[in-house]
Amino acid sequence: MPTPPDPTEQPQASAPVDGAANAADPTDGMRSRFAPYLKILRWVIRSFTGFFQAHVMVIRAEAGNEAIRVASGVLLLLGAGVSLFITALLGGVAIVGLIQRLSGLPWLESLGLAMAATGSVALVLVTIAWLLLRRPLLPKSRKLLKSTFDGFTGG
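If you read the sequence shown in the working numbering, its first letter stands for residue 2, the second for the next number, and so on.
Accuracy of the hints is not assured; some may be wrong.
With a straight-line Cα cutoff of 20 Å, these simulated SDA-like cross-link-like pairs (lysine to any residue) come out [what the hints assert, rightly or not]: (1) Lys141 with Val71; (2) Lys147 with Arg136; (3) Lys141 with Met58; (4) Lys141 with Arg61; (5) Lys144 with Gly65; (6) Lys147 with His56; (7) Lys40 with Gly155; (8) Lys147 with Pro137; (9) Lys141 with Lys40; (10) Lys141 with His56; (11) Lys141 with Glu63; (12) Lys40 with Thr50; (13) Lys147 with Thr50; (14) Lys147 with Phe86; (15) Lys141 with Phe153; (16) Lys144 with Leu126; (17) Lys141 with Arg70; (18) Lys144 with Ala64; (19) Lys141 with Glu67; (20) Lys147 with Arg70; (21) Lys147 with Leu90; (22) Lys141 with Leu126; (23) Lys147 with Val71; (24) Lys144 with Val57; (25) Lys144 with Glu63; (26) Lys144 with Thr154; (27) Lys141 with Ala68; (28) Lys147 with Ser48; (29) Lys147 with Lys40; (30) Lys147 with Ile60; (31) Lys141 with Ala62; (32) Lys147 with Val57; (33) Lys141 with Ala64; (34) Lys144 with Lys40; (35) Lys147 with Ala55; (36) Lys147 with Met58; (37) Lys144 with Gly51; (38) Lys144 with Thr50; (39) Lys144 with Arg61.
Quick caveat, the hints were computed from the structure, so don't treat them as lab data.
Given only the sequences and the hints, what does the whole structure look like? Please build it.
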């Protein structure tokens, strides 16, 4: 037969049930109150992340093409510089002597003819390089970023 409880004994605390533990937490009411706002904030962050990931993909693809264009322009400018250097070095020595032998012209006219030929090559290379480098860099990415920011700002 069970013994009756002793009235002098202190009651033991029982383990709280899950619902009771959560109800006792004072921050639970705040969490549930701000849950819709946190959901909206998460959505905004995911949207911004998605927008900028798309921009990064476009910029990476376009940057590869632009890098090739810029590298070509720089190499052509280097080629033009080398041609001008060759004009200065060889214009007075080997080319003049060859032209003078082949044409029978005096050495000063042979020098002018050699410099005109190598100078023309240099001018063509500089013109092509200038045409490649004068366009703005990353035009598609600029346009996409501008339209995105205009959409966000309403402008």
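Hint check results:
no.: 1; hint: Lys141 with Val71; in the structure: 16 Å, holds
no.: 2; hint: Lys147 with Arg136; in the structure: 18 Å, holds
no.: 3; hint: Lys141 with Met58; in the structure: 12 Å, holds
no.: 4; hint: Lys141 with Arg61; in the structure: 11 Å, holds
no.: 5; hint: Lys144 with Gly65; in the structure: 17 Å, holds
no.: 6; hint: Lys147 with His56; in the structure: 11 Å, holds
no.: 7; hint: Lys40 with Gly155; in the structure: 24 Å, violated
no.: 8; hint: Lys147 with Pro137; in the structure: 15 Å, holds
no.: 9; hint: Lys141 with Lys40; in the structure: 33 Å, violated
no.: 10; hint: Lys141 with His56; in the structure: 10 Å, holds
no.: 11; hint: Lys141 with Glu63; in the structure: 8 Å, holds
no.: 12; hint: Lys40 with Thr50; in the structure: 15 Å, holds
no.: 13; hint: Lys147 with Thr50; in the structure: 17 Å, holds
no.: 14; hint: Lys147 with Phe86; in the structure: 44 Å, violated
no.: 15; hint: Lys141 with Phe153; in the structure: 18 Å, holds
no.: 16; hint: Lys144 with Leu126; in the structure: 31 Å, violated
no.: 17; hint: Lys141 with Arg70; in the structure: 15 Å, holds
no.: 18; hint: Lys144 with Ala64; in the structure: 14 Å, holds
no.: 19; hint: Lys141 with Glu67; in the structure: 11 Å, holds
no.: 20; hint: Lys147 with Arg70; in the structure: 23 Å, violated
no.: 21; hint: Lys147 with Leu90; in the structure: 50 Å, violated
no.: 22; hint: Lys141 with Leu126; in the structure: 27 Å, violated
no.: 23; hint: Lys147 with Val71; in the structure: 23 Å, violated
no.: 24; hint: Lys144 with Val57; in the structure: 13 Å, holds
no.: 25; hint: Lys144 with Glu63; in the structure: 12 Å, holds
no.: 26; hint: Lys144 with Thr154; in the structure: 15 Å, holds
no.: 27; hint: Lys141 with Ala68; in the structure: 14 Å, holds
no.: 28; hint: Lys147 with Ser48; in the structure: 17 Å, holds
no.: 29; hint: Lys147 with Lys40; in the structure: 28 Å, violated
no.: 30; hint: Lys147 with Ile60; in the structure: 13 Å, holds
no.: 31; hint: Lys141 with Ala62; in the structure: 10 Å, holds
no.: 32; hint: Lys147 with Val57; in the structure: 14 Å, holds
no.: 33; hint: Lys141 with Ala64; in the structure: 10 Å, holds
no.: 34; hint: Lys144 with Lys40; in the structure: 31 Å, violated
no.: 35; hint: Lys147 with Ala55; in the structure: 14 Å, holds
no.: 36; hint: Lys147 with Met58; in the structure: 16 Å, holds
no.: 37; hint: Lys144 with Gly51; in the structure: 18 Å, holds
no.: 38; hint: Lys144 with Thr50; in the structure: 19 Å, holds
no.: 39; hint: Lys144 with Arg61; in the structure: 15 Å, holds
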